[in-house]
Amino acid sequence: MENLLNQNIHQNIPEEKWYIKVGHASEIKNRKDRIIYRLLEIFPGALAWSTIILMILFSYFFPVFVAIFIIIFDVYWLAKSVNFSVHLIQSYREIKRRIKIDWFKKLETEFPEKYKEYTHLIVYPAYNESHDLIHHTFLALTKQNYPLKNFIVILATEESAKEEMKENAQKIKDEFEKYFAKLIITVHPKNLPNEIPGKGSNETWALKKAKEDIIDAENIPYEKIIVSVFDIDSRPYPDYFSVLTYHFLKEKNPYRASYQPIPVFHNNVWQLPPFSRIVAFSTTFWQMMQQKLEKRLATFSSHSMSFKALVEMNYWQTNIVSEDSRIFWQSLLYYDGDYKVVPLFYPI
Numbered sequence: 075m076e077n078l079l080n081q082n083i084h085q086n087i088p089e090e091k092w093y094i095k096v097g098h099a100s101e102i103k104n105r106k107d108r109i110i111y112r113l114l115e116i117f118p119g120a121l122a123w124s125t126i127i128l129m130i131l132f133s134y135f136f137p138v139f140v141a142i143f144i145i146i147f148d149v150y151w152l153a154k155s156v157n158f159s160v161h162l163i164q165s166y167r168e169i170k171r172r173i174k175i176d177w178f179k180k181l182e183t184e185f186p187e188k189y190k191e192y193t194h195l196i197v198y199p200a201y202n203e204s205h206d207l208i209h210h211t212f213l214a215l216t217k218q219n220y221p222l223k224n225f226i227v228i229l230a231t232e233e234s235a236k237e238e239m240k241e242n243a244q245k246i247k248d249e250f251e252k253y254f255a256k257l258i259i260t261v262h263p264k265n266l267p268n269e270i271p272g273k274g275s276n277e278t279w280a281l282k283k284a285k286e287d288i289i290d291a292e293n294i295p296y297e298k299i300i301v302s303v304f305d306i307d308s309r310p311y312p313d314y315f316s317v318l319t320y321h322f323l324k325e326k327n328p329y330r331a332s333y334q335p336i337p338v339f340h341n342n343v344w345q346l347p348p349f350s351r352i353v354a355f356s357t358t359f360w361q362m363m364q365q366k367l368e369k370r371l372a373t374f375s376s377h378s379m380s381f382k383a384l385v386e387m388n389y390w391q392t393n394i395v396s397e398d399s400r401i402f403w404q405s406l407l408y409y410d411g412d413y414k415v416v417p418l419f420y421p422i
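Reading the sequence shown from the start, the letters are residues 75 to 422 in this note's numbering.
A portion of the hints provided could be inaccurate.
Claimed, not checked - Okay, derived cross-link-like pairs now, SDA-like style, lysine to any residue, Cα gap no bigger than 25 Å in a straight line:
1) Lys-256 / Ile-270
2) Lys-247 / Lys-188
3) Lys-382 / Ala-235
4) Lys-366 / Ala-235
5) Lys-283 / Lys-366
6) Lys-180 / Tyr-166
7) Lys-247 / Lys-180
8) Lys-190 / Lys-326
9) Lys-91 / Ala-235
10) Lys-91 / Leu-406
11) Lys-273 / Asp-398
12) Lys-369 / Gln-345
13) Lys-382 / Thr-358
14) Lys-273 / Tyr-409
Simulated from the structure, these hints should not be mistaken for laboratory data.
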């Protein structure tokens with residue numbers, strides 16, 4: 075790994091796969107590789123700004139050319155909008171169909187004993203959220219149409235959080251640990267070397283602690299653990315874990331796939347300002363459309379994957395803030411393209 079400046083964040087990764095953990099160009103020691111990486115980082119933004127700026131400049135010098143370009147551009151986006159609408163409607167109908175299915179009954183019918191072999195490891199990274207918010211999140215989890223004693227739940231907190239957050243975490247543990255096989259609180263230390271505080275580093279710390287204290291201690295096979303990473307305000311619909319387990323067991327190679335529900339941003343939608351409300355609805359619509367385009371689908375926000383794959387890749391990156399989609403690209407590169415995202419068409 076001579077190409078890397080910071081060895082610690084890339085430990086346990088095969089030497090030929092060093093690039094999957096690069097978070098910033100400055101981490102690459104080889105000057106040529108660092109320049110190429112930085113140029114590729116710049117390219118998307120530079121292309122977007124160049125299009126806007128050149129269109130304004132060229133409208134003075136080449137008005138006919140710009141007029142033709144804008145017409146073609148408008149036609150292109152009209153076609154994309156029609157395509158978007160068709161897939162959005164198809165996805166909506168599929169969601170409505172799947173919500174009506176009794177997924178736990180379906181799971182018991184097709185995999186009557188096999189599903190019982192699997193443990194669900196659920197991670198909720200938290201910082202300074204209120205007790206009320208976390209309470210409703212855990213309350214939704216207790217209403218799952220699935221055996222709750224198959225759940226190991228981690229409330230992953232930060233050392234840098236307020237003292238009130240630590241008290242809230244303990245209250246949640248006291249109130250809800252009776253429902254699950256285990257409910258643990260982890261505290262991600264602050265100021266660790268080669269880390270950026272954020273969701274990815276917090277989750278990585280939480281899973282390493284769970285591996286050491288529970289999974290390895292109790293000899294739970296890695297291939298029998300399904301990890302779900304939820305935002306702290308995520309509330310899965312009642313059959314989510316039945317849907318997830320069913321699709322995991324149906325998949326030909328379940329360890330080379332992530333499982334993506336549709337995030338529906340409406341918990342507090344009427345308390346949002348109008349612009350934020352539009353962004354929330356648009357994001358939900360975009361994710362609905364993406365589920366119909368499976369080959370373009372990447373992980374986003376809350377999602378699930380195998381613990382075995384996470385251990386092999388040395389978990390999420392700790393040198394970036396958010397791992398939502400990055401973990402998919404990391405997996406795709408690590409397994410040389412033999413990795414995909416399975417759409418669940420089920421809301422969270």
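Structure-based check of each hint:
no.: 1; hint: Lys-256 / Ile-270; verdict: 29 Å, violated
no.: 2; hint: Lys-247 / Lys-188; verdict: 30 Å, violated
no.: 3; hint: Lys-382 / Ala-235; verdict: 30 Å, violated
no.: 4; hint: Lys-366 / Ala-235; verdict: 39 Å, violated
no.: 5; hint: Lys-283 / Lys-366; verdict: 37 Å, violated
no.: 6; hint: Lys-180 / Tyr-166; verdict: 22 Å, holds
no.: 7; hint: Lys-247 / Lys-180; verdict: 32 Å, violated
no.: 8; hint: Lys-190 / Lys-326; verdict: 19 Å, holds
no.: 9; hint: Lys-91 / Ala-235; verdict: 34 Å, violated
no.: 10; hint: Lys-91 / Leu-406; verdict: 12 Å, holds
no.: 11; hint: Lys-273 / Asp-398; verdict: 9 Å, holds
no.: 12; hint: Lys-369 / Gln-345; verdict: 35 Å, violated
no.: 13; hint: Lys-382 / Thr-358; verdict: 30 Å, violated
no.: 14; hint: Lys-273 / Tyr-409; verdict: 23 Å, holds
Figure legend: structure checked against the earlier numbered hints; hints not met, in rising order: 1, 2, 3, 4, 5, 7, 9, 12 and 13.
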